[in-house]
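Peer 1: Here the protein sequences come in this chain order: R and C. Everything in the first sequence is counted per numbering that gives the first Met the number 0, starting at 0 for the first residue and increasing by one. Everything in the second sequence is counted per numbering that gives the first Met the number 0, starting at 0 for the first residue and increasing by one.
These are computed hints drawn from the structure, not numbers from a lab. Hints should not be assumed to be uniformly reliable.
[As the list claims (entries may be wrong)] Listed next, the stretches of chain R that the computed footprint assigns to chain C, with coverage defined by at least 3 CB atoms under 8 Å from CB atoms of chain C:
#: 1; region: 101 to 111
#: 2; region: 216 to 230
#: 3; region: 234 to 242
#: 4; region: 282 to 288
#: 5; region: 296 to 309
#: 6; region: 315 to 321
#: 7; region: 328 to 340
Glycine included, each C-beta is placed from N, C-alpha and C at the ideal position.
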Amino acid sequence: MDQKLNMKINGREVHFLRGQTVLEVCREHEIYVPTMCHDERLQPYGACRLCIVEVAGVPKPLTSCTTPATENMVVTTESPRLTRLRKTIIELLLSNHPNDCMCCEASGNCDLQEMAYLYGASLDRFPGEKWALPIKEDNPFITFEPNKCIVCGRCTRICNEVVMAGTIDMTSRGFTAMPDTAFSKPRSLQNCEFCGQCVSACPTGALTNRKSRGLGRSAEVEKVKTTCAYCGTGCNFFLMVKDGKVIGVESDYNAPVNQGNLCIKGRYGYDFIHSKDRITTPLIKEGDGFREASWDEALELVASQFKQIIKEHGPDTVGGFSSSRCTNEENYILAKWIRTAVGTNNVDNCARV
Amino acid sequence: MPEIDTIFLFGSNPTEAHPIVSLHLKKALRNGAKLIVTDPRKTWMAERADVWMNLKPGSNIALLNGLIKVILDNGWENKEFIAARTENLDELREKVQEYDFDRVEQLTGVSRDKIIEAARMYSQADKAMIVYGLGVTEHRTGTENAMAIANLALVCGQIGRPSTGIMALRGQNNVQGATDLGPLPATLPGYQSVMDEKVRKKFGDAWNVTIKKEPGLKSVEMLDECVKGTFKGIFILGEDPAQTDPDLYHVRKALESVDFLVVQELFHTETTRFADVILPGASFAEKDGTFTNGERRIQRVRKAIEPLAGMAEWEVLCKISTLMGYPMDYKNPAAIMDEIASLVPIYGGISYERLEKGGIQWPCPDKNHPGTTTLFTDLFAKSSGLASFMALDHIGSGEVADESYPLVLITGRIREHYNNGSMTRRSKGIDVIVPAERVEISPEDAELLGIKDRNWVKVSSRRGEVKVRAKVTNRSQKGNVFMTFHHQSALTNDLTSEHRCPIAGTPEYKSCAVRVEKFTEAA
Ligand code: SF4
Ligand code: SF4
Ligand code: SF4
C-alpha cells in the first residue's frame, strides 16, 4: 500500500500519495483552485497559470497542476498577490474576447465567465486588437466560434491524447494560434469521429454542440443523470431537459466508467426520442394496415387473445422475446409474466448478442 | 486498465463497437503497452498493433491451438500456475501437437513468424489481458472459441492478477442485464435453473404459481415451431428479429405464420410489419430503471420526460398480466428492484437508494456488500477448485467460400449506428454522415470484379441478395467482405446463415459465403 504523506494547505494538515500534484491534493480535499486549461482527463499543461499557488520557501508562485506535492510542503492557495495575478490573467484573456455573454450559448456553463465574475475582472483593462473571425459551422454536430477561443488547448489535447483521432491541432503560436483541422478542412468522417470530446473539454463558448444551440442555456435546463442506451459500456451522462423535451446531452465528469467521455451515439444520438416517427398510440391490424386504438382496447385485445390461445392450445404455444434494450426491471417483469399469467418457460433473448 | 503491459485483442473492434472501452485501451497503449490483434479486418487497432494476425474467419481454434503449441514447445508456459491452479494439461498438449505450423498457416492464413511473435509476447508479458468480442462468439463454434481463449490464458497464467485476465465485450447495451434477469428458457432470474426444485419452489412461492420443470423453447426454436404451425402467440418486447436475426427469410416466414403477434416498439420496424397489435414503447429517457453494463455494473436510468405514449413497458406488461387474471401492481421500478433483490442472490444487495450513490457491480449478495469489482480472481468455479484445460478441434464455419460463392461475408457494427439503426438513423447528423449501407471490399477483389468505389453491387448468398454501394478499402482483406446490419433499406441478414453455436445459441453472424457482382441500376 502506498504510504500516506503529509503537507499543509492553507494552514490545514492534509494527507497525499506520492505522485500526486498539488492541484490534485487540493481538489481531493475540496480546496478551490481556479483552472482553465486543466482537465482531469488530460496530462497537466501549465499554460493558463490560473492555478498558481504559493509554496513556502519558493519566491515565485508555482502552477499547482504541474508541481508535484512533496512531504512537509506548505502551500497557500489564496493571497492578495495570487488574486491580483489571477485577475490580470483573466483580464488579459478578456482583452481578446467578445463580451457578448448575453447571447452566448455557453453562458452559465463557462469557466471564463465564472472566473471573471469571481475575480471582479474589468472588461477593458487591456484594450487592443481583437479577433474578428467568422463562425465555423461546417459539420452537423460542432460549432466553432474562434473569437471566443482562449487557446487553452483542451480540445486539441483531448482529441490527440484521449481519442487519438488527431483531427485538430494548434495551427501556430502567439496571437494567431488557433485549434484547427489540417488545412482547415471541414470536420467529416474522413478526419473526425464526431465524439464531441473537444466540445466537452472547452471551457468557453468557443466549441458548442450545434444541435443544442438556441434551445436553452444552463440556467433554464434540468439535468437528469442517466445511463447510455446504446452499447454495453454503460457510460453515464446528463440529459438536458427543457419544457418536457430532451434538448441535448452533457458530460458527467464523475462517471466511473467514462469520466465524461462519450462517443457519437451517446453524445449526439438522442433526438430519435422526439422523432415524428415515434409510435405514440397502440395500433391494431386492420386489412393491410393498422388502425389507431386506445390503450384500453388494445390491452383488452392482447389479454383476451393470449387467454384464448392458452385455453385452446395450452400455454406452451405462447412465448415472449425479451429485449436487451429494455431495463432490468422490464426484463424481469416479462420473464415473470410469461411464467405466471401465461404459465410457460418459453421466454428468451432475441439473438443473444 | 492503464497498467496492463500487453493487450491481446481477439475478434473485437472496440474503436467502433465499444468506443469508450477503446479509450482505456488507447491510454494503455500511450503508456507503452504492447498490442496483439487477431482480426480478419484491418481495424484501427490492427493498424497500430505490434503483431496483427489476420486470420481467416472461422479459424479461431486452429490459431489458438497453434499459439499454445508454440508456447509449450518453447517452454514459455507458466509452470507454477499450471501446477497450482489447473488440471488436464496433458490432454491439451496432445491435442495441440496436431496443429503444427504448416497446418495452422493453411487453416488460418496467418504466417508462422506472426504466431511465434504473438505467442512470445503474450506468454512472456508481466501482465497481459485478453479482450475478446463478438468475432469470437458469433460463430457456430462460439462457445469452444471462448474456451480456447481460456486455455491460452491459463497456459500462460495471465489470469487472476490485476491487469490480467479475459474481458469479453458484448453487443447491446443491456444484454448483460437481460440475461441476468431471467428471460431465458432454462433459468429463472439470476441464472437459477428451472430444473432445480428448490429454485422452482422459491419462485413459485413468491409468485404464487407452480413453475414448470421443463425448460422452455429458445427464440430460434419458437420461430421454428411457428413455421411448423404449432406455435400460436408471441410477444416481442423492443426487438427487431426481422432485421437483426440471421437468415431473415426463415424469420419472416415464422412471423407470418404465427397466429397472434404483439410487438412493443418505438418505431415501425421490419418486425412490426407482421404484428397484429403494436404497442408503443418508451425510450430510455421516459422511464426509471437500471441497466447492467459489460462489467456487471448495475446503474440507474432516470426518467427525464413523461412517456410519449403515456406508459412505459413495465406498466403495460403489468396491465396485460392483470387483465389475464394474474394481478401485477408495482408502485414504480424501484419496487420491482426490491422484489428482484429478494429473489436473485447476485442482486441481493441492490436497491435504488444505494444506486443513488453510483453503480454497483454484482455479485452483491446483501445490503452491506460493496459489490465485486473483479470476478476473474474467483474464476475457478469447478468443484476441485482447479481450472480444466479443454482439448478442442478446429471445426470451421458452417458455410465456407466455394466456386459459386467465393467470398466470405463478415457482419458487424460501426461506431455511428446501433443495431437495427431505428434510433441512430433518426438522430440528426448521424443520418447525414452515414446515410446508407455499403459493402467493404478489398482493392484486390474489387479490381478482379471490375468494381470501383461507390459502384452499386449485388451481394448474394444461398439465401438472398442485397443491393448496396461498394466501399473499396484495405480494411477488408482479399477474400473477405464486410457489412453492418444497421439499415432497413439493405437487410444484410437476408444473406447470413442459419448456423448457430449449439451451446449458446449465438448465430454465426461473422461468416457466410457470398458472391459480389457489379450491378447497374437499369438492370
Ligand atoms: S469530435 Fe472528437 S474526433 Fe472530432 S475533433 Fe472533436 S475530439 Fe476530435
Ligand atoms: S476551442 Fe475551447 S478548448 Fe479549444 S483552445 Fe479554444 S477555448 Fe480551449
Ligand atoms: S456513449 Fe458510446 S461508448 Fe458509451 S455507452 Fe453510449 S454508445 Fe457505448
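Peer 1: Each hint should be assessed against the structure and marked as holding or not.
Peer 2: Hints versus structure:
1. 101 to 111: Result for this restraint: violated, n = 0.
2. 216 to 230: Since 9 is at least three, the answer is holds.
3. 234 to 242: Contact hint for the region 234 to 242 of chain R vs chain C: holds, 4 residues under 8 Å.
4. 282 to 288: Since three or more residues must qualify, the claim that chain C covers the region 282 to 288 of chain R holds, with 3 doing so at under 8 Å.
5. 296 to 309: holds (count 11)
6. 315 to 321: holds (count 7)
7. 328 to 340: This one holds; 13 residues, not fewer than the three required, reach chain C with a Cβ under 8 Å.
Violated hint for the displayed structure: number 1, the only one.
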